[in-house]
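S.K.: Residue strings, one per chain:
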Amino acid sequence: MSGVDAQQAEVEGHLSGRRLPRWSTPALAGGALLVGLIVQLTGWTVVGLAPGVVAAIVFLLGQAITSLAIEGRRHSKDRIATTLIYATFVVALTPLLWILITVLVKGLSVFDWTFFTSTMRNVSPRQPGGGILHAFLGTLEQVGIATLVSVPVGLLAAIYLVEFGKGRLKFWISFFVDVMTGVPSIVAGLFIYTALILTGVLQQSGFAAALALCILMIPVVIRSSEEMLKIVPNDLREAALALGVPKWKVILRIVVPTAISGLITGAMLAVARVAGETAPLLLTTFLAQDINLNAFNGSQTSLPTFIWDQISRGTTSSVNRAWGAALALILFVLIIYAAARILAARFTPKSR
Amino acid sequence: MSTSTDETAQSAADPAGISGTAIRAGDRNFLGLSRGAGILVLAVMAAIAAFLVWKAIPSLQADSANFLTEQSWLPDQTPSVFGIAVLAFGTFVTAVIAMLIAVPIGFGIALFIAFYARPRFGKALGFIVDLLAAVPSIIFGLWGLYNFMPAVTSFARWLTEYLGWIPIFANDKQLWTKSLLMAGLVLAIMVLPTVSAISREVFVQVPRMHIEASLALGATRWEMIKMAVFPFSRPGMISAAMLGLGRALGETIAVALILSAVFEVNTHITEPGGNSFAANIALKWGEAGEVGRSALIASGLVLFLITLAVNMIARWIIARRKEFSGAN
Amino acid sequence: MKLTRILIGSTAACAIVLTLSACGGGGSSSSSANADCASGSIKAAGSSAQGNAITDWINAYQTQCPDATIDYQAIGSGAGVEQFVAKQTSFAGTDSGVKDADLEKANERCSGGPAINIPMVGGAIAVVYNLADVDGLILTSDVLAKIFASTITKWNDPAIAGLNAGKSLPDATIAQFHRSDSSGTTDNFTKYLTATSPSVWTFAPGKDWTAPGGQGAKGSDQVIASVDGTVNSIGYVELSYLDGMQNTKAALIDNGGGPVEATSATAATTIAAATVTGSGNDLLLKVDYTTKASGAYPIVLVTYEVACQKGLSTDQNPALVKSFLTFAASDAGQSQLTTSGYVPITGSLLAKVRTAVSSLATS
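Protein chains in written order, with UniProt numbering: chain L, 1 to 352; chain Z, 1 to 328; chain U, 1 to 363.
Incorrect hints may appear among the rest.
Claimed, not checked - DSS-like, lysine-lysine: derived pairs with alpha carbons at most 27 Å apart:
{"hint": "1", "chain 1": "Z", "residue 1": "K173", "chain 2": "U", "residue 2": "K352"}
{"hint": "2", "chain 1": "U", "residue 1": "K105", "chain 2": "Z", "residue 2": "K173"}
{"hint": "3", "chain 1": "Z", "residue 1": "K173", "chain 2": "L", "residue 2": "K230"}
What the hints assert, rightly or not - Partial pick of chain U residues on the chain Z-facing surface, computed with a CB cut under 10 Å:
{"hint": "4", "residue": "D102"}
{"hint": "5", "residue": "G206"}
{"hint": "6", "residue": "G257"}
{"hint": "7", "residue": "P259"}
Please keep in mind that the hints were generated in silico from the structure rather than gathered at the bench.
Beta carbons: idealized from backbone N, C-alpha and C, even for Gly.
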């Protein structure tokens with residue numbers, strides 16, 4: 001958007017009257033900081049506000065007033081908005097970085113080769129050591145199955161909504177997709193547990209967990225795919241249809257490939273969304289301390305349930321392992337993201 | 001995003017109209033397949049509702065108190081006494097706090113990424129925000145409990161000290177931890193990635209023509225955002241907020257860790273206490289007896305219905321706004 | 001930290017001893033460490049209070065018997081019994097034992113069985129506090145009840161000071177932590193308060209905390225973490241959670257027969273004196289919380305394994321259930337409990353437990 005910046009500067013240079021000089025912002029910031037410092041040093045407080053907050057308010061007010069006096073109402077408003085938007089960025093980024101750094105610092109303390117290559121079989125909760133291999137493989141399988149089910153179903157449903165859907169059925173599907181995005185994850189877990197496990201249709205297994213994740217994933221895939229399919233230009237569809245290409249071929253050969261980059265990104269966002277889900281897995285899987293590659297039979301641990309289990313054991317070693325697993329989970333999602341970007345770049349038709 | 005695209009897509013989608021002959025077999029199969037996928041969504045939703053109702057009924061029959069207004073939660077007692085008043089109140093308050101903070105800040109950070117930051121920096125920032133969606137909620141909970149809460153307790157004290165005359169900020173217990181306020185603040189951080197990621201996607205789709213036209217007319221950047229960006233992206237912004245609200249309403253483990261669950265409606269939101277639908281399920285499920293589990297499912301059903309209602313309202317608002325917005 | 005290392009050392013030593021005896025063991029009486037190995041895998045679920053104890057047993061057993069895999073999921077007693085009844089698991093762990101309607105369902109699950117409660121892991125519920133300058137805080141049940149009912153709110157309250165002459169109790173508000181989730185720990189703790197101080201503790205005993213005041217924390221892990229991180233705080237957790245904490249100490253409880261430290265041995269004395277209320281091999285216990293015996297720590301909990309005496313289908317591996325529980329009830333199994341802060345079953349009760357385990361059918 002730096003183009004917008006340049007354009008705007010140009011436009012303002014031509015059209016506006018008096019402007020605040022460039023040095024006004026640093027000067028005001030300096031003044032505000034000074035006020036903050038005085039508050040800090042004298043201990044004199046305004047309704048108990050922290051010095052930093054006082055400084056921020058002084059800056060905002062000072063800028064608004066000087067700008068109002070010199071540049072007029074419109075520019076004053078613009079400056080307030082700019083300052084507030086920058087402020088939201090700082091306010092939002094602080095906790096977000098804080099948590100990432102917390103996970104990084106605590107997680108790295110247990111990272112070593114064995115942490116990735118061993119399991120928890122015969123490792124006491126009190127001992128350090130052990131690893132997440134079994135949990136990682138479990139997550140890979142559970143999220144993998146969920147993706148294999150959700151992406152085709154979600155994509156097809158999105159194709160229906162964009163390319164075929166009409167009338168009442170389209171409305172209801174579209175409405176319930178929205179509702180489904182809001183289904184609390186624990187309700188998804190409860191549903192699979194009561195409907196399929198307690199009735200004896202399924203065991204607690206990786207597959208049951210994958211089904212619960214599907215409930216969370218499908219609506220996200222549908223929503224994102226729908227948006228991506230919508231922005232495929234109609235000219236492409238019409239040109240192909242005019243050449244007598246069957247509709248289904250148009251969709252598979254023209255529409256989907258055109259939107260593939262966005263579709264992949266959407267699918268990966270959905271993966272990221274469910275990879276860290278704990279609540280639905282607690283009811284649908286059974287905790288194991290060892291590798292089980294069979295998602296349809298027997299206990300299978302995943303990274304989120306591993307974290308949950310280690311935390312609740314309450315020993316120093318187990319809590320450390322939990323943070324390590326949390327970091328591993330974030331890295332896993334990071335790798336998926338990177339892979340998605342590369343895939344998306346490779347498959348995008350060049351002519352766009 | 002726009003209705004006009006939608007409609008052209010639909011008319012283009014009419015196979016009979018284009019080919020002028022009967023629908024081809026391939027098309028028919030493909031239509032069937034994709035329609036089937038759509039119907040599957042309806043079927044799953046119906047099944048969820050049906051199972052929740054079926055499993056909830058035994059406890060609702062056993063409940064000797066008013067399910068909607070009773071404050072205590074003792075379903076496994078004889079006679080069984082439980083109600084959702086505390087859960088509904090806590091869920092409502094935490095969600096409102098989370099929304100009040102996360103929605104403006106989420107939009108702000110999305111605007112920053114889309115219109116203020118340098119593109120490369122904005123992309124990196126968007127990436128970090130997306131990454132946070134993958135942090136397991138138990139980690140948010142532990143971080144919230146042991147890192148975040150001690151740091152913002154002074155803010156809660158400040159609220160009581162200077163705004164204590166407002167009843168909700170009064171604090172008789174002289175304890176400012178594990179409160180609905182804290183849970184709301186942590187929830188705000190948790191839903192921030194959702195709100196900002198989706199609204200960012202929407203802002204990026206605003207046609208450049210609109211942006212450039214308004215700037216060319218001499219609009220300031222804020223005026224451009226207000227007049228070109230917001231009207232175009234309003235439905236998307238509302239759905240971003242609604243998705244965030246969905247997460248806030250249903251968040252389980254982080255809230256369970258942070259709140260000091262008390263079965264009493266306490267309007268002093270800085271005091272320890274409160275509970276929510278989802279957190280209560282996590283806290284009570286393990287030790288619940290038969291009626292207890294059914295009661296928890298009944299509360300899950302209520303949460304499900306609330307989600308349904310919230311989405312209906314959002315749809316209705318978007319539909320209304322669409323009529324009035326000049327952008328499309 | 002140091003404590004942790006010692007514990008790790010002793011656990012490792014224990015494992016070595018177990019392996020050795022497994023190699024050289026000849027006779028297989030029910031009390032020997034050399035349980036006849038069974039193979040295959042089973043799932044069990046239930047009480048989180050016994051989670052770490054079971055994990056230690058599983059590790060020791062699997063080291064001896066590499067062909068066996070046992071998964072225990074600590075999801076809570078109620079859910080554990082539910083899964084057992086729904087035939088998802090081979091046995092269940094519970095803090096309160098199955099009785100009445102639940103027992104009927106469990107019997108039905110065992111095709112007539114019957115299903116029996118076997119007390120296997122004991123626990124002391126330690127009253128933990130975080131006061132830098134006070135060691136060996138002494139409390140009575142009345143004072144304890146008043147603290148947790150929020151009628152005593154200061155550490156230097158005369159009632160506390162009277163019991164702790166010469167200790168420098170701070171003039172500070174007591175930060176009280178209790179469990180926010182339903183738990184057998186809360187159940188036993190409140191039952192103790194009700195039994196010993198009915199005039200002070202007027203709240204309903206049960207798995208859920210009903211007294212006003214204080215702050216709730218989810219799970220014993222978070223209660224101990226909260227107490228350890230909050231000065232002038234008090235809480236209650238299973239003794240095993242105290243391991244590795246920096247600032248937290250356990251209070252001594254004066255049961256009327258002098259102050260008693262919370263240890264595996266003092267709690268074992270109380271549990272050994274419990275009366276059996278179940279019939280036959282069903283060893284449902286009733287603990288006497290009001291015990292005044294000297295050296296008997298009164299706040300204890302007993303966790304049971306619920307198993308089918310007969311009628312567990314072969315695919316759920318009754319042989320492995322019996323073999324594993326036999327190991328758990330053995331001297332080696334029970335002595336492992338002490339090293340990890342749990343409480344062993346002792347005396348004539350242990351003999352009954354072994355009889356009950358040996359009554360389990362293997363097919």
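S.K.: Determine for every hint whether it applies to the structure shown.
M.R.: Okay, the hints, checked on the actual structure:
Of the supplied pair hints, the one linking Z/K173 and U/K352 is violated, its CA atoms being roughly 50 Å apart against a limit of 27 Å. This hinted pair does not check out: U/K105 and Z/K173 have alpha carbons roughly 45 Å apart, beyond 27 Å. As the CA atoms of Z/K173 and L/K230 are separated by approximately 55 Å, the hinted pair breaks the 27 Å bound. At its closest, the beta carbon of U/D102 sits 8 Å from a beta carbon of chain Z; the interface hint therefore holds under the 10 Å criterion.
The interface hint given for U/G206 holds, since its Cβ lies 8 Å from the closest Cβ of chain Z, which is under the 10 Å cut-off. The closest approach between the C-beta of U/G257 and any C-beta of chain Z is roughly 32 Å, which is over the 10 Å cut-off, so the hint fails. This hint is violated: U/P259 has a C-beta 30 Å from the nearest C-beta of chain Z, more than the 10 Å allowed.
Against the hints set out earlier in the document, violations occur for numbers 1, 2, 3, 6, 7.
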